[in-house]
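**Student:** One-letter residues, chain by chain:
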Amino acid sequence: MSVPVMTVPGEPPASVSSAAVRATGLTKVYGSGETAVHALAGVDVAFARGEFTAIMGPSGSGKSTLMHCLAGLDAATSGQVFLGGTELTRLRDDELTRLRRDRIGFVFQAFNLLPVLDARENVVLPMQLAGRRPDPAWFDAVVARLGLRERLRHRPSELSGGQQQRVAIARALLPRPDVVFADEPTGNLDSRSGAEVLDLLRSSVRETGQTVVMVTHDPTAASYADRVVLLADGRPAGEVDRPTAASVLEALRGLGG
Amino acid sequence: MLSTTLANLRAHLPRLVAATLAVVIAVAFVVATLVLNETSRATLLRAAGAEYVGTDVVVTAADGSSLAGAVGAVAAVPGVRAVDPTTAAEVQARFPGRSEAYLQAQAVAADPALRWQRVTDGALPDSPGEIAVATTTEAAVGDVVAVTVYDPATGEATSTGEATVTGLVDLGGDPSAGLFARGFAVADQVAAWGGTEPTELRVAGWNRTDPEALAAAVAPALGFAEVEVRTGEQAAEDAVAGITGNRLALAAVLLVFATVAVLVAGLVIANTLAVLVAQRTRDLALLRCVGATSRQVRRSVLTEAAVTGLVASAVGVGAGVGLAALVSALVGTDSPLPLEGVAVPLYAVGAGLAVGTLTTLLAALGPSRGATRVAPLAALRPVDAAPLRSRGGLLRFGAGLLLVLGGAALMALGVLTVNVYASLAGGTASFLGVVLLAQRAVPPVVAAAGRALGRVGGVPGRMAAGNASRNPRRTAATATALLIGVTLTTAMVVGAASTRATAQAGLDAAYPADVEIGAYGELPASLLPRLEDVDGVAGGTALLGVDVTAPDGQPLWVQGVDAAAATPVLRSTADLTLPAFGEAVLPQWAADSYGLRTGQTLTLQAGERSRALTVVVGDTGLGTPLLSTADLRALVPDATAATLWLRLDDGAGQRDAIEEVTELTGAAVPDAYVTGLASERAAIDSVLDALLLVVTGLLGVAVLIALIGVGNTLALSVVERRQENGLLRAMGLTRGQLRALLAWEAVLVAGVAAVLGVLLGGAYGLIGTASVLGGQDTVLLDVPWLQVGGIVVVATVAGLLASVLPARRAARTAPVAAIAAV
Numbered sequence: 001m002s003v004p005v006m007t008v009p010g011e012p013p014a015s016v017s018s019a020a021v022r023a024t025g026l027t028k029v030y031g032s033g034e035t036a037v038h039a040l041a042g043v044d045v046a047f048a049r050g051e052f053t054a055i056m057g058p059s060g061s062g063k064s065t066l067m068h069c070l071a072g073l074d075a076a077t078s079g080q081v082f083l084g085g086t087e088l089t090r091l092r093d094d095e096l097t098r099l100r101r102d103r104i105g106f107v108f109q110a111f112n113l114l115p116v117l118d119a120r121e122n123v124v125l126p127m128q129l130a131g132r133r134p135d136p137a138w139f140d141a142v143v144a145r146l147g148l149r150e151r152l153r154h155r156p157s158e159l160s161g162g163q164q165q166r167v168a169i170a171r172a173l174l175p176r177p178d179v180v181f182a183d184e185p186t187g188n189l190d191s192r193s194g195a196e197v198l199d200l201l202r203s204s205v206r207e208t209g210q211t212v213v214m215v216t217h218d219p220t221a222a223s224y225a226d227r228v229v230l231l232a233d234g235r236p237a238g239e240v241d242r243p244t245a246a247s248v249l250e251a252l253r254g255l256g257g
Numbered sequence: 001m002l003s004t005t006l007a008n009l010r011a012h013l014p015r016l017v018a019a020t021l022a023v024v025i026a027v028a029f030v031v032a033t034l035v036l037n038e039t040s041r042a043t044l045l046r047a048a049g050a051e052y053v054g055t056d057v058v059v060t061a062a063d064g065s066s067l068a069g070a071v072g073a074v075a076a077v078p079g080v081r082a083v084d085p086t087t088a089a090e091v092q093a094r095f096p097g098r099s100e101a102y103l104q105a106q107a108v109a110a111d112p113a114l115r116w117q118r119v120t121d122g123a124l125p126d127s128p129g130e131i132a133v134a135t136t137t138e139a140a141v142g143d144v145v146a147v148t149v150y151d152p153a154t155g156e157a158t159s160t161g162e163a164t165v166t167g168l169v170d171l172g173g174d175p176s177a178g179l180f181a182r183g184f185a186v187a188d189q190v191a192a193w194g195g196t197e198p199t200e201l202r203v204a205g206w207n208r209t210d211p212e213a214l215a216a217a218v219a220p221a222l223g224f225a226e227v228e229v230r231t232g233e234q235a236a237e238d239a240v241a242g243i244t245g246n247r248l249a250l251a252a253v254l255l256v257f258a259t260v261a262v263l264v265a266g267l268v269i270a271n272t273l274a275v276l277v278a279q280r281t282r283d284l285a286l287l288r289c290v291g292a293t294s295r296q297v298r299r300s301v302l303t304e305a306a307v308t309g310l311v312a313s314a315v316g317v318g319a320g321v322g323l324a325a326l327v328s329a330l331v332g333t334d335s336p337l338p339l340e341g342v343a344v345p346l347y348a349v350g351a352g353l354a355v356g357t358l359t360t361l362l363a364a365l366g367p368s369r370g371a372t373r374v375a376p377l378a379a380l381r382p383v384d385a386a387p388l389r390s391r392g393g394l395l396r397f398g399a400g401l402l403l404v405l406g407g408a409a410l411m412a413l414g415v416l417t418v419n420v421y422a423s424l425a426g427g428t429a430s431f432l433g434v435v436l437l438a439q440r441a442v443p444p445v446v447a448a449a450g451r452a453l454g455r456v457g458g459v460p461g462r463m464a465a466g467n468a469s470r471n472p473r474r475t476a477a478t479a480t481a482l483l484i485g486v487t488l489t490t491a492m493v494v495g496a497a498s499t500r501a502t503a504q505a506g507l508d509a510a511y512p513a514d515v516e517i518g519a520y521g522e523l524p525a526s527l528l529p530r531l532e533d534v535d536g537v538a539g540g541t542a543l544l545g546v547d548v549t550a551p552d553g554q555p556l557w558v559q560g561v562d563a564a565a566a567t568p569v570l571r572s573t574a575d576l577t578l579p580a581f582g583e584a585v586l587p588q589w590a591a592d593s594y595g596l597r598t599g600q601t602l603t604l605q606a607g608e609r610s611r612a613l614t615v616v617v618g619d620t621g622l623g624t625p626l627l628s629t630a631d632l633r634a635l636v637p638d639a640t641a642a643t644l645w646l647r648l649d650d651g652a653g654q655r656d657a658i659e660e661v662t663e664l665t666g667a668a669v670p671d672a673y674v675t676g677l678a679s680e681r682a683a684i685d686s687v688l689d690a691l692l693l694v695v696t697g698l699l700g701v702a703v704l705i706a707l708i709g710v711g712n713t714l715a716l717s718v719v720e721r722r723q724e725n726g727l728l729r730a731m732g733l734t735r736g737q738l739r740a741l742l743a744w745e746a747v748l749v750a751g752v753a754a755v756l757g758v759l760l761g762g763a764y765g766l767i768g769t770a771s772v773l774g775g776q777d778t779v780l781l782d783v784p785w786l787q788v789g790g791i792v793v794v795a796t797v798a799g800l801l802a803s804v805l806p807a808r809r810a811a812r813t814a815p816v817a818a819i820a821a822v
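Residue numbers (the UniProt record's numbering), protein chains in the order written: chain A, 1 to 257; chain B, 1 to 822.
Be careful, since some hints might not be right.
To be verified - Reference listing, derived: stretches of chain A covered by chain B, where coverage requires no fewer than 3 residues with Cβ under 8 Å from a Cβ of chain B:
(1) 84-97
(2) 100-106
(3) 110-121
Just so you know, these hints were derived from the structure itself, not from any lab.
The C-beta atom is built at its ideal place from N, Cα and C for all residues, glycine as well.
Given only the sequences and the hints, what does the whole structure look like? Please build it.
**Tutor:** Have a look at this one:
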């Protein structure tokens, strides 16, 4: 178990220039008094630009809560979250909403496509909400890389799970966000579709420098990442660089999880 | 299973409350109608039957012959305390400062037990020369009334006299109280005024007499057979029954509207329950998983509906009684439909409970069938949002099409043959068909409107359009509920406007002048300018009148008019022929008596002068031949005015203007008569206005219920799409955009229903008018665009308002909560 880097609150850590997202002293408490649950009990973490990071930990370790707070979906109880130079923890709801649609991409376990829209409409939705037009060349490139060209007119109900998740990835990549958060992106997929999805995420990091942060509990999925951040009981519990399924598994055992 | 059902009820209480509001309102409407009906009956019983209520026995001569000779025999019956022969006189009475008017004077009973009059001031008369009058005469105690008795056969005054007012009698809600004055005098005075022979005896027994027994005892004492002996209570009931014909018709009309409200409420609640069941698919499937049979699940859903319906109905009954009490207090006894207090009959309570509960149960049948189709496995896999395809859909489509086409054919027949019954049947049938077809017809319209909306409403608009088309059945049912209300409201508004326009045109043609002033002698030349100065008088013209010598040597009264001056004064010259210079307009009777036809020549003489005029046979509106003023002056240079025609300004104040004109004229020429046709027109107008207001209010209830349905559907959609809305928020949809999304959806559904309803209702209104009034010479079809547009706007804006609460709830949901709920 490694000791978290101590930082003086208010002073940016040394790696500020290269970090796409970072958090300092992040806590999240549900409930109050005796029944209070500390989902996050003081987390300092940073994610470098162009890096594919996996967050891992046993159930209840706070990995999903951490991701929600980093992505501005949930308000932290205390601490700070920075997206580039912007402090998320200071923004009001509407500013956060705009930040999410302009600078953050999401990929969910349950795909979460809108059933009334077809694949193309789903992909361009965040940009439309922002009133922006997608760059056609970039759109074509994303669609081509994800193999969706033949499926653009299909509704989600007419697509397989793997195809739906690829639509969701295209949706996340299209606005060229500062960071893509993926929450158990392979959880609802068979192993072959899962591997495809992970390949796509990794290639987007390698080829276009996209920053990706993925929450997972699957060591094989984590092995696609450049780095694994481990979490236990709401606290950072070590890291694994250049992970393999075996090294991740070993690190997890070390947590007693 | 029952405990599960009740637990479910408790868990979904807030949503059920919103859903059952529709039932509450509909039941309240039904109950209020029944209670008001009963209250009005009870009020009338006390008022119209007042003289019988406290009487033990009433003896009536069935053939109208005098019962004067029977008084002694009845009084001799053991147990009889007093007998009052009912007599009345009809006289003309002049109250101080007012004109002579008809008064019915009734004899006051000698025995206090038989005096039924409620005296509010003073006392009943004790001796001749005194009179008590109804409070509605607005007389005061001490006033002296001049009484003139006319011979009914000759019309000549037979005696005159005076009577001092000793007291005022409150006749309550007696329907005759407003029609003519009523007074009460001692029997001798009534006899002196030419009172009728008594055809009715009111009998009082001693205290604690059983009226039935007394009636049985009195009957044998009367020798002749043509007598009816009733208890006082029976007589009162019978008296009321004589007046209630109209009132029953009114109750029937009200109940028709109540039925509409119940129907709409049924649609709304069926829709709401269907959504509630759909939301609980998982819960229901879980129940099936742990061993509940599909029968148990169905029973659970139906029990829930029955309990909800019963509770909502009970609340509705309370609200209805309260509403009736409020209406009763507002209307009071001084109205054409007198109401006093509240009478709550048991059947009204029973009917309210039954209607509400049964409607809810019937509405629950469909959703409960859906609930039984839930497979136990559904609990274990994600909910499929795909709407179910109805098997009955094709059947419904066929039946709907058949009804619409058949109904349309019947309506066409009704318009062509001016048969309102054919149109009514056709209208009802086709409207039922429309309701059946709505499920198929509405979704494409919503989708089309949604595409248009997508262009103006931005992303939220486009998504709202998608959402509105997502569950076509639900959207259609929501829209249909609103469609019914809007259609009927529009039909009434358009129908009333057309009726008014047609009636107006007919009145204008029949009575072209607003005010007509005539005299048996001459009218001074100064009168017209003075009348034209009266506030509210737009202008006037004078018609000259002289006696000339007709071709047959007899004197003939003719009048002269300046057509150019008269035309702007008249409302219409459609039925009127005004003479040009050199013409004489002869009414048919004059043309017949001189044997003249249009185009022939009529020669009139006045002393030395004579004039040959071209005959035009036509209506002059005066009954006399009409010449041009110039021709008349050529015959009689010093002719004076005989008739004045006045035109009044439109709008309120016509009544005041007529009153002032009457006063001025009466002061100048005592024997002049003033006919205010404007007041007749205003009377028709106000009747139509009141009718329209009442009907619109009644249908407004249906629209209100339907809008609750729109709100409910949206609220349930918000719950259903919690996750989806959360996702949109995560993707960057702002709270404002989310609210806009729901607002657009509501506007889309309500707007489509309103527009379709207005189109349908407009057609029904025009068809109805054409088939009712088609027999008239001119039927004017009038669409009040402003009001119709108002209906669309109000319905749409109300739909928008209905979205406010659901939208607020949706916007409050944190994005992460929605996603985490998966």
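**Student:** Could you run down the list of hints and mark each one as holding or not?
**Tutor:** Cross-check of the supplied hints:
| no. | hint | verdict |
| --- | --- | --- |
| 1 | 84-97 | holds (count 3) |
| 2 | 100-106 | holds (count 4) |
| 3 | 110-121 | holds (count 6) |
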